[in-house]
Amino acid sequence: MKTVRIGAGLGFYGDSWLPVRASIERGGVQYIGSDHLAELTLAILQKDRARNPGAGFTRDLVPMLSALWPLAQPRGVRFVLNAGGLDPLAARAALAAAFAANGWSARIAAVTGDDVIDRIDELRAAGEPLAHLDTGADIAAVRSRLVFANAYLGARPIAHALAQGADIVLTGRVADAALFLGPLVHEFGWAWDDWQRLAQGLTVGHLLECSGQATGGNFGAAGAWAQIPDLGHIGYPIAEVSEDGSAVITKAPGTGGRVDFDTVRQQLLYEVHDPHRYVSPDVVLDMGTLRLGDLGGDRVAVTGASGRPRPDRLKIVAGYEDGWMGSSVVGFCWPDAYRKAQAAVALVKQSLREQRVPIDEMLVEYPGLDAFLGPHADLSRRDDLNEVWVRVAIRTQDKRHADGLGRHFPWLALSGPPYMSGFHGITPGSQLLGVWPALVARELVESRVDVSLVEVA
Amino acid sequence: MRLLLARIAHARSGDKADRADIGLFAYDAPSYAVIEREVTAERVAAHFAWLADGPVERYPLDNLLALKFVLNRALQGGAARSLRSDNLGKTIGAALLRMQIDIDPMEAASLPRLKTRAG
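Going line by line, the protein sequences match chains A and B. For the first sequence, this note's numbering gives the first residue as 214, with consecutive numbering after it. For the second sequence, this note's numbering gives the first residue as -3, with consecutive numbering after it.
Treat the hints as calculated values from the structure; they're not laboratory data. By construction, the Cβ of each residue, glycine as well, lies at the ideal position given by its N, Cα and C atoms. Keep in mind that a hint or two might mislead.
[Unchecked claim] Cβ-Cβ distance ranges computed for the label pairs, FRET-style: (1) B:A42 / A:A654: 38 to 44 Å; (2) A:D591 / B:D58: 30 to 36 Å; (3) A:E659 / B:R39: 40 to 46 Å; (4) A:A435 / B:A105: 17 to 23 Å; (5) B:A42 / A:R521: 31 to 37 Å; (6) B:A105 / A:D406: 48 to 54 Å.
Just need the whole structure built from these sequences, with the hints factored in.
In structure tokens:
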């Protein structure tokens, strides 16, 4: 029976591609799917593009494929990457130029049509209110502050690009799991209404979209995390998929990490909301019938996914400018470390008040003590700490006030409580972004989707 | 007796828009019976009242010995507008593992994880 081997690339913009080498050289993969776009990565790319019109894609694309293509091409390994970001055509141009400079050949496809930032009014005129999916709020409230708006496309344009012979498929926003479902549909010729197989393929994609998180990375367990071997050489997950959609999750031989029932199920539910209704553009997955069979030897069988028909509407995620954050960090040493940090915060607050700095919200947290656990932190020794750090963050509408927060701290060194040190410096404010999820009739988006192929000889 | 959830379960958390989500995984079937009974949506909502303004949803998955929790309005409007150090909610899973549950000592003694690690 035919099987297809597909491996994980990156799990986010900035992730390491070194583990992908082992998947190509020793893992027998035919495809690598690589996810470069977290929910708000497009906001970073929008800022890059505002400075440089050709820079709307993730900058890791060219170095990553420059390192991997010489290994992949002789083995016939093909790539699907959403590194196109806001501008898959510019991404392709940059990649093609780099390949040409090296004398490499490749057929590179680009998928466009997900970007709807310039179509907001048109979509609203067509009867799509684009109301906030969770709150129902009118998008008019943020319309002028939108910085990007992209629909999540599915696996179809990817499968189409592969059918045209693409070695490398560059997309913008697609459902993360579609990066993997596309090659599986292409290889097996699954029908687009074969909900069971599509559901299995989507499950595989979901397991592979976060690189090392399926193979023992970020394994959230007290004590047990330390038993995961050789994280420094972690193997990214590889799926061996059969024509019926059943799959085995594994990794390349000789790599670190671990594939077992525990590591795979942690990823299976990661960033899933209703597990009985995991919605993608291609199929709605019910995980309630899934079976994970731990076969030993870093192999876990995945079977039994249930699928229901795809939704009529696609999800859009837009981002909008929503003020600025200023933040500062400073440390205090024993004695009375915590009390002194609290006193310093009170002095900073007084200074901000007296200088009439407009602040919408302030957060005070003590990194190393309670910044993560909040009221569940153990504060029983807080009156006798060796040392403590305090971080003050403000939300404000004016960038200058965010930039200026740090100026309210240095005077404390000579005129505040004693044994203060480790001021992190006056750092510029960072722009805050709100996220705006909405739905849109799929035909309004899909009618504009285009797949084009360029051959670098 | 009081039992720390971390002793019988593991967890991973993530984000989507203004929601945090947590997968809570029992190490074995007897431990799953305990968390399925004790770690209710109401208890989780109370545990995260300091963080989440919205309701907590719970989805039991018997096939995975797991409970899925969704914390609505838990990320200050979303990761990119949150002021918190943990703007992505990555440590919320650990905070759930800090929960103490009440359990009959006889039942606790029968749990595989507690048998193998006395005390």
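Going through the hints against the structure:
1. B:A42 / A:A654: 38 to 44 Å: Since the Cβ atoms of A42 of chain B and A654 of chain A sit about 41 Å apart, the hinted range of 38 to 44 Å holds.
2. A:D591 / B:D58: 30 to 36 Å: holds (34 Å)
3. A:E659 / B:R39: 40 to 46 Å: 44 Å Cβ-Cβ, so the 40 to 46 Å window holds.
4. A:A435 / B:A105: 17 to 23 Å: Since the Cβ atoms of A435 of chain A and A105 of chain B sit about 20 Å apart, the hinted range of 17 to 23 Å holds.
5. B:A42 / A:R521: 31 to 37 Å: The hint (31 to 37 Å, Cβ to Cβ) holds, given that A42 of chain B and R521 of chain A are roughly 34 Å apart.
6. B:A105 / A:D406: 48 to 54 Å: holds (52 Å)
Violated hints are absent here; each numbered hint is respected by the structure.
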